[in-house]
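Trainee: Please model the entire structure based on the sequences and the hints provided.
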Amino acid sequence: MEVTTSNWYENSIAVERGPLVYGLKMEEKWEKKEFEGNEVTQFGKSYYQVTSPTKWNYGILAFKPEQMQENFQVSIDKAKQAGNYFWNIENAPIQIKVKAKEITSWKLYNEMAGPLPLSTGHSKQPVEEITLIPYGCTTLRISEFPVVRWFRDISVKSDIY
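Quick note on our numbering: the sequence shown kicks off at 1 and runs consecutively.
Accuracy of the hints is not assured; some may be wrong.
[To be verified] Dumping the calculated SDA-like pairs for lysine to any residue here, alpha-carbon to alpha-carbon at most 20 Å:
1. K80 x T139
2. K29 x W56
3. K55 x V147
[To be verified] Quick list of simulated restraints, FRET-style, between CB atoms:
4. K64 x M1: 19 to 25 Å
5. K97 x S46: 33 to 39 Å
6. P126 x Q81: 30 to 36 Å
7. G114 x K78: 24 to 30 Å
8. Q125 x A82: 19 to 25 Å
Simulated from the structure, these hints should not be mistaken for lab results. Virtual Cβ for every residue (Gly too), placed ideally from N, Cα, C.
Mentor: In structure tokens:
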């Protein structure tokens, strides 16, 4: 199967491979919270809040469509694929690596990812490699990414423009 991208809201792209959509691999911090008063009757005694210390506000670097497969590196772990339950971060059997830049203007809004930035501009952040895993393996999900257009940096060996 080949990696493809599809265009979504606010000029974002989603990364797909075969029937699966991929999301950013993010560390998860689970914290048990207690309800109080009338909320116990309505919702039960407790719930879990999931947050992440991982950076999440990335834009995927623009690339030439004819070089799509060179810009996404797929790795498959056959041992994890044969496991009984691989729909979680630790056991995700397939990972896709891609070059990205942090978009510092894209911030949390009401304790969730805010709207995608209208413009990513020319980010001065360094190029990083991010890991994407199947959407179903994630609890916290960033699966639509802005495209960061940038000029070739002579210190980075890449076909992305």
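Trainee: With respect to the beta-carbon atoms only, verify the hint that K64 and M1 lie 19 to 25 Å apart.
Mentor: holds (21 Å)
Trainee: Given the hint of 24 to 30 Å, is the C-beta distance from G114 to K78 inside that range or not?
Mentor: Violated, at about 39 Å.
Trainee: Do the beta carbons of Q125 and A82 sit within 19 to 25 Å of each other?
Mentor: violated (38 Å)
Trainee: Does the hinted range 30 to 36 Å hold for P126 and Q81 at CB?
Mentor: Between P126 and Q81, where Cβ atoms are some 33 Å apart, the hint holds.
Trainee: Is the Cα-Cα distance between K55 and V147 20 Å or less?
Mentor: Distance of about 17 Å is within 20 Å: holds.
Trainee: Can the restraint linking K80 and T139 be considered satisfied, given a maximum Cα separation of 20 Å?
Mentor: Holds. K80 to T139 sits at ~19 Å (cutoff 20 Å).
Trainee: Taking the Cβ atom of K97 and the Cβ atom of S46, is their distance within the range 33 to 39 Å?
Mentor: About 37 Å separates the Cβ atoms of K97 and S46, which means 33 to 39 Å holds.
Trainee: Given the hinted pair K29 and W56, is their Cα-Cα distance within 20 Å?
Mentor: Status holds; Cα separation ~14 Å.
Of the numbered hints stated above, those contradicted by the structure are hints 7 and 8, listed in ascending order.
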